[in-house]
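Using the hints, build the complex out of the two chains.
Take a look at the letters that make up each chain.
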Amino acid sequence: YPTRPVDKDKAEAELVVNIKKATNPDESAPKQKHVRKCIVYTWDYHSSISFWTGLRVQPILADEVQTFKALITVHKVLQEGHPVTIKEAHGQTGWLETCARAVGHDTARGYGTLIRTYVQFLLAKLRFHRLRPEFNGLFEYEEYVTLKGIDDPNEGYETISDLMGLQDQIDSFQRMVFAHFRNSSSNECRISALVPLVKESWGIYRFITSMLRAMHRRTNDIEALEPLRQRYSAQHYALRKFYYECSNLKYLTGLINVPKLGQEPPNLLDNGTA
Amino acid sequence: MSLQHFGKGALRTAKNYTKGYSHTQTKVRDATCNEPWPPSGKIMHELAQLSYNQEDFIEIMEILDKRLNDKGKNWKHVFKSLTVLDYLLHSGSENVILYCKENLYIIKTLREFQYIDEEGRDQGANVRQKAKDIVNLLQDDSRLREQRKSRAVMRERMSRGRSGYDL
Numbered sequence: 354y355p356t357r358p359v360d361k362d363k364a365e366a367e368l369v370v371n372i373k374k375a376t377n378p379d380e381s382a383p384k385q386k387h388v389r390k391c392i393v394y395t396w397d398y399h400s401s402i403s404f405w406t407g408l409r410v411q412p413i414l415a416d417e418v419q420t421f422k423a424l425i426t427v428h429k430v431l432q433e434g435h436p437v438t439i440k441e442a443h444g445q446t447g448w449l450e451t452c453a454r455a456v457g458h459d460t461a462r463g464y465g466t467l468i469r470t471y472v473q474f475l476l477a478k479l480r481f482h483r484l485r486p487e488f489n490g491l492f493e494y495e496e497y498v499t500l501k502g503i504d505d506p507n508e509g510y511e512t513i514s515d516l517m518g519l520q521d522q523i524d525s526f527q528r529m530v531f532a533h534f535r536n537s538s539s540n541e542c543r544i545s546a547l548v549p550l551v552k553e554s555w556g557i558y559r560f561i562t563s564m565l566r567a568m569h570r571r572t573n574d575i576e577a578l579e580p581l582r583q584r585y586s587a588q589h590y591a592l593r594k595f596y597y598e599c600s601n602l603k604y605l606t607g608l609i610n611v612p613k614l615g616q617e618p619p620n621l622l623d624n625g626t627a
Numbered sequence: 358m359s360l361q362h363f364g365k366g367a368l369r370t371a372k373n374y375t376k377g378y379s380h381t382q383t384k385v386r387d388a389t390c391n392e393p394w395p396p397s398g399k400i401m402h403e404l405a406q407l408s409y410n411q412e413d414f415i416e417i418m419e420i421l422d423k424r425l426n427d428k429g430k431n432w433k434h435v436f437k438s439l440t441v442l443d444y445l446l447h448s449g450s451e452n453v454i455l456y457c458k459e460n461l462y463i464i465k466t467l468r469e470f471q472y473i474d475e476e477g478r479d480q481g482a483n484v485r486q487k488a489k490d491i492v493n494l495l496q497d498d499s500r501l502r503e504q505r506k507s508r509a510v511m512r513e514r515m516s517r518g519r520s521g522y523d524l
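Read top to bottom, the protein sequences are chains A and B.
Under the numbering used here, residue 627 is the last one in the first sequence; the count climbs by one each step, no gaps.
Under the numbering used here, residue 524 is the last one in the second sequence; the count climbs by one each step, no gaps.
Looking at chain B on its own, in the form it has when it is part of the complex (with noise of 0.2 Å):
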């Protein structure tokens, strides 16, 4: 790992500390930072658990919706936003559907997101596509709740897998 990405998150670290970014705040801001990695599946289980509790669900959609106002430049929080946000979706409380649909807009704009990178890459791609796949799921209730659904059931059966091989 570069020197640079250790820079970057010793700053983050520095961040969180001097703004009082909460525990949960920061599980976010980790979860959707500029590094090139996608959220892990663990921190956004651990955020989906989270957003059961009030207090804690205010504080994530709080750093998300800065998150997905991001300019251009830092289209990667947007975009792990969007990455978390479905996560929430398929397996939050369902406080993040009421917020999302309140909030649609918000989502819906982003589906002409654009961002040209310094090397012509269009970046603002992905966005736009993830934009538009959620902006789709929140306009089609039966399928969300299906995914929903089976989201529940194939994690139960997982955890279940699990404790018979403790076992």
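Next comes chain A alone, as it looks inside the complex (with noise of 0.2 Å):
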């Protein structure tokens, strides 16, 4: 039980209303509010059994909006709730599947295509954790965890590819999320989808930056991490793009803080923060 005054059963009642409301259908974003309630109790409880069990029982999978926002709020809780959540997450994958099957292709608001495509992301975030059980849902950054990769040269390379296939994938995503405003609308419900992304992205870069610093420190073999460069140089460029799109959005900007990438990447031979 936490340190803090909590009372059990009012917060399983509670949290099966939160998910309700987080998850109307409204095409709106989930309100932080109740996305909060449900990312506090799996730290409270250590535990996000009633979060999957609640996400189960409401009849959501039949509105394409509804089950956008169930998507985000997913993604939210597997980011900043109790490190559990993603193990328990493994065992929801039919479920975020379902999802993905449910969603005809020809849909009235246009939310298929991004439920799915939201899908495949989620999955893969799930695979990349289970393979890497050190990193925490937001990837934020944590020295021991870069040391970590580079005291055996080939595991930090292998780390840092899947990383930028993360990456990628973010990528696509959020460019899809654009291609499907609506000049008709004020997008909110799909802005929303663009918050979590805009955090994993930063995230997985500062990420990606201090260990490619450090694995440059240590080699011997510069020319051997010449893919890793490339790479990296081309994501620092579409992060770029992505956050300058970003912050022209007048409703993102209110939420978060969208960072400001520098003109050209970082020079990963110095010892420079990202």
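Careful, some of the hints might be misleading.
Said to hold, decoys possible - Calculated lysine-lysine pairs in the DSS-like style (CA-CA distance at most 27 Å, straight line):
#1 A:K386 - A:K374
#2 B:K428 - A:K374
#3 B:K465 - A:K386
#4 A:K384 - A:K361
What the hints assert, rightly or not - Covered by chain A, per the in silico footprint, the following chain B stretches (three or more residues, Cβ under 8 Å):
#5 419–428
#6 453–465
Derived by calculation from the structure, the hints in this document are not laboratory data.
The structure displayed is predicted, hence computed values, not measured ones.
Glycine included, C-beta positions come from ideal geometry on N, C-alpha and C.
Rendered as structure tokens:
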């Protein structure tokens, strides 16, 4: 039990209401206050089982907006919930696949493709975390994980490649979200999916940067890292563009600080910080 | 002062009484109330002193926790609780730091706090910024230590100055 004053029965009952409200049929962002309660629940009780159960019993799959909002909620809870959430999520991949299957191709409000791509991304994210459980949901930079990776250069190379794979998936998903904006609406629901993507891509970028720097310090074979440097540079420009486009979305900049990247990728051979 | 504010204050006093809040809890509730002015330095100092007593410490955190998890409409509760918490981290007992670290997610998740009032003003912005500042401080032990030390030195110097003046 947490050190803060809580009441488990009350928390369980409230969780159901919070999930229901976060995934209601309004074409808007999942309300942060409800998502927050889901995140806090996983930390209070070191468990996400009730969260997943709560999602399953909600009749959300019949409605594309509700399904999309459920995926945003899941993504945020994976990112910021207690680490056990990611472990327990490995048992929920079937439900995620059901979300992708349940939605038709030509949907009225155009969320079909977004839902399928979102599910693909979340499954890739879970695969990454299963292989590398030392990373947290937001890839928040921690020195020791970086150092752990570079002790074995092959292992480090693999990790960076996999992180870059995830970064590419974020990039193609975000471009798809932008491509699905509609002039007739505020696009709030779609934009709200960009919030966790900005945070996650920034975490990955910072991690890759410091890890590549550390690898360059340790190795005598700078040449061997050339493919990673090239890919890093390409991702830097893509990410810079992504953040630039996000910085023009007033709704989004009101919620989070969108990072601003320099014109050119940082020099990996010096010891600066990302 | 408007009658409306007077009414609210009276209601809070009544609630403190009927709900059986202790003296310390009443202090926290007053410091983090819905009135438009910030908690006074005097009341925050008193709370910081009280936090060195285990029983008072628990009572303080209990109320702060409630206030921090309040709804958007009561954003002042949330914002002022963060203000008080920030003060306690600088001048209160070490237990406050331990407690906050253990329950960091409560503050972390406030970094996306949202509330737009009836006039369309983004009242959540203050909460988001304050939550960010506190999270950063809690994740930087050496800075926190340094700030606690300089705060203590400053208070020492000021109280010495005051007693000198009294003579």
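Hints, one by one, checked against the model:
Our distance criterion of 27 Å between C-alpha atoms is met by A:K386 and A:K374, whose separation comes to about 10 Å. Between the alpha carbons of B:K428 and A:K374 the distance comes to roughly 14 Å, so the proposed pair stays at or under 27 Å and holds. Restraint check for B:K465 and A:K386: satisfied, since their Cα atoms lie roughly 13 Å apart, inside the 27 Å limit. Note on A:K384 and A:K361: the hinted pairing holds, with a Cα-Cα distance of about 23 Å set against a maximum of 27 Å.
Beta-carbon proximity to chain A at under 8 Å applies to 5 residues in the segment 419–428 of chain B; the threshold of 3 is reached and the given coverage holds. Taking a C-beta to C-beta cut-off of 8 Å, the segment 453–465 of chain B contributes 6 residues in contact with chain A, enough for the three needed, and the coverage statement holds.
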